[in-house]
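Participant: Position chains V and B against the provided structure of chain F, taking the given hints into account.
Residue numbers (the working numbering), protein chains in the order written: chain F, 1 to 431; chain V, 1 to 173; chain B, 1 to 308.
Just so you know, the hints here were simulated from the structure itself, not pulled from any lab data. Just so you know, not all the hints are guaranteed correct.
As the list claims (entries may be wrong) - As a list, the in silico DSS-like pairs of lysine-lysine whose alpha-carbon atoms are at most 27 Å apart:
{"no.": "1", "chain 1": "B", "residue 1": "K69", "chain 2": "V", "residue 2": "K46"}
{"no.": "2", "chain 1": "B", "residue 1": "K126", "chain 2": "V", "residue 2": "K171"}
{"no.": "3", "chain 1": "B", "residue 1": "K273", "chain 2": "V", "residue 2": "K46"}
Here are the chains, one letter per residue:
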Amino acid sequence: MSGHSTYVPKSDAGKWLEERLPIISLMHSAAVSMPNPRNLNYWWVFGGIAMFMLIVQIVTGIILAMHYTPHADMAFNSVEHIMRDVNWGWLLRYTHANGASMFFVAVYIHILRGMYYGSYKAPREVLWLLGMLIYLLMMATGFMGYVLPWGQMSFWGATVITNFFEVVPFIGDDIRTLLWGGFAVDNPTLNRFFSLHYLLPFVILGVVVLHIWALHVPGSNNPLGIEPKTKQDTMSFHPYFTMKDLYAIVLFAIILFYFVFFNPNFMGHPDNYIPANSLVTPAHIVPEWYYLPFYAIVRAIPDKALGVAGMFGAILIMFVVPWLDTSKVRSAKFRPAYRIFFWIFVVNGLLLGYLGQVNTTDDFLGIHGVTNLIISRIGTIYYFGFFVVILPVLGLIEKTKPLPNSISEAVLGVEGAAEEAAELAAAEAKA
Amino acid sequence: MADASDLKEPGRRDFLYIATGAFGALGVGVAVWPLIDQMNPDASVKALASIEVDISSVGEGESLTVNWRGKPVFIRHRTAEEIQASVDTPLSELKDPQTDAERAEKPEWLIMVGVCTHLGCIPLGEAGEYNGWFCPCHNSAYDTAGRIRKGPAPTNMEIPEYEFLSDTKIKIG
Amino acid sequence: MNNLKQNITSIVQKTAIALLVVTSVSGSALAAGGSIEGAPEPAHIDWSWAGVFGTFDRAQLQRGYQVYKEVCANCHAMDLVKFRNLSEPGGPEFSEAAVKALAAEYEIEDGPDAEGEMFMRPREPKDAMPAPFDNNNAAAASNGGALPPDLSLIAKARGHFSFKDMFMGRDGLTGGSNYIYNLLMGYEEDVPEYILAHDEHTNKLGKEADPDFTEEHFELGDSSFNNFYEGYKIAMSQPLDDDSVEYTDGTAATLAQQAEDVSSFLIWAAEPKMEIRKSIGIKVLLYLIILAGLMYAVKRRIWENVRH
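In isolation and in its complexed conformation, chain F is listed as follows:
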């Protein structure tokens, strides 16, 4: 991608191809010779895991589409046909359904890792923007995918989300009708959602390529948040990081397949096993878990239009994080105050997730007089406060810890690094 490649074609055929289309050296530089900071910890494996999950979703999804019927009268039964009659259909569908959840798990951890270690800061802003674009596309894809089984939650989830668009001034009604292709969520809606649900993952794949490209220009950030200076600070991607990532992917697959085989409906909603009925609304409409924090925000804001704006704002504000954070220091390792606010942010996110699926009028955890609504509002304020107040202000006032000189010094100590440098130099001279 940006010329790290040490690839030299050996065969004539390889040379022939290299002169015409240097695709092998491109891939070689992306996945083999790319220098990576030597000190990456296990939080760095979730990018590879997310990539693995995307592939799992695309493969199982293409197969499910071979058996699924996107028609309001037949969609529900065609999903059950997959579950009951198609060879391995149950396995493919459960993998796809739980895979979506696990994809989001991986991506959420990946995003939070970026926030903890300041991976979005210069010169990696475009990398972050592309990542956020992937996340946004995933949300849209996941939502439309959840509509396809055409159960009660599918139908009413689609109704609630599409009704959000009504708040757009002047043309809200028209947008909603346009999305529906009718006067309510119905067969035309299902058809277009199916079409887009099939399309978007390939768009995501394209943006992932850009995301990786944008990663290769500045290289990976690392737990120390300082740039590698010498060869000593980095190691080649293969075999060091390929094998580490593969190991992590296997561990992650254990969790995924625990759910697929032993609790496949754990992350779904029972009501989605009831066929869609446009005349009966379920008692509680709950979105998939990965939207719950945002659902809590929309419910925390009393005004409909502001609520919807808040929900979309909560996602969009993530795009501008690189410009909200004023700190010169990347890693939270050297930002003691930020570290605390960051973990509160994580807990707050989990809390909002919980609040997104309970009755707003009920007492919070049974505490008398404190409703879930009040806590949701506090959570919402912290969510936005973290971005618009804490990030900019903290960067200006926080007293950060001193940064080490180099990655290898931090890893090996000053003497150890000098020793290793001498060894390397000697080995090179010998060669």
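Facilitator: What follows is chains V and B alone, placed relative to chain F:
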């Protein structure tokens, strides 16, 4: 790391890599099977794989066409002349030699998949040079036992698996 | 190496904390659903199929089918289940001949024939279970306006999972079978004392009367009282009692026995691939755990000379 020197021994190192690679490849191989097998006929399709047909209403010289696995099956109640014509044909004249007894379990009932073995068209009955079946697509002519006699088709028309449940009922498939 | 260990420990710690927060929060949420004082506790049956290695009891599924066929099927359809499923592995596993005979007890419209007429023929294994009513409107009209739901997926549609079940290694499906079991067992002829006491109690405290517990609410009318139905008023009158069916295998047909049998049967109807799912699952997880061990060794071997 006490036995670090031991671990560095090349033979054991290679063994670990090869074993892991092989074990991983095995898993990938097994995992691919469901992805392919899902394209095979599913349980609802297989449930329709055999049909029962009542042939009591098919008089001599009459035919019945039924749909079996998405293809037409000809059930022909052959006349004595038709049977005779088939039996009298010497095997040496046949492109795909089969006796009449091999074609029909009970001589008066010829049951076969009505698809021309050339390119899959459906032949017309009681037609052609041999008064059997004639495929209009590329002029393949079959005799009264559905055996190929003339034209580009390579083999006789296929005889499906069938059994007589009673004198008037057959099970195909 | 030390650094790595520290990293892993800190990751494990942090993940554990995060998980604890999520589970404790959700756990208390479930508990907060709350029941009224004096209300009977719903039973949790120790289902034979619930564990990681659990399989269905064939005889129980066959009995459950009998209960469904002789009682439930009078009002409830089961569109997604075909007769052929009854002989498939992992289910009641009736013989193919038995299934053919069971199917042939019912007719289905087929056609058109050569004359263009529709005709009735006996059902075959490929056909679905017969529906008691021609359509939903007819079903609702015959049942005082309440539509008896299709039972194909009822066990999954009513099955709320619990974290406790998950940590006990139990199948998430137990939520559904426990619900059905308790519903069938939960009928009372009269509104029980605890409901009326609760009503008085809330009045005495001077709280606003809970609209669910006002007196007129419990004028049952055509409905029945059920301890475990949301709102307690259920349109379905008590469907099962002792000896509602006579089991062919000689099992005593107590109410509890029938309720347990039909609940298991409905779990199978909703999730016919449960047995193969679990048996393959064990192999897949074992494979992945071994592969993870090997990958860990490979990763360590590659990194062993690198301090990081």
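Participant: Now, for every hint given, state plainly whether the structure supports it.
Facilitator: Going through the hints against the structure:
1. K69(B) - K46(V): holds, 26 Å
2. K126(B) - K171(V): Holds. K126(B) to K171(V) sits at ~15 Å (cutoff 27 Å).
3. K273(B) - K46(V): OK: K273(B) and K46(V) at ~17 Å, within 27 Å.
Taken one by one, the earlier hints all hold for this structure without exception.
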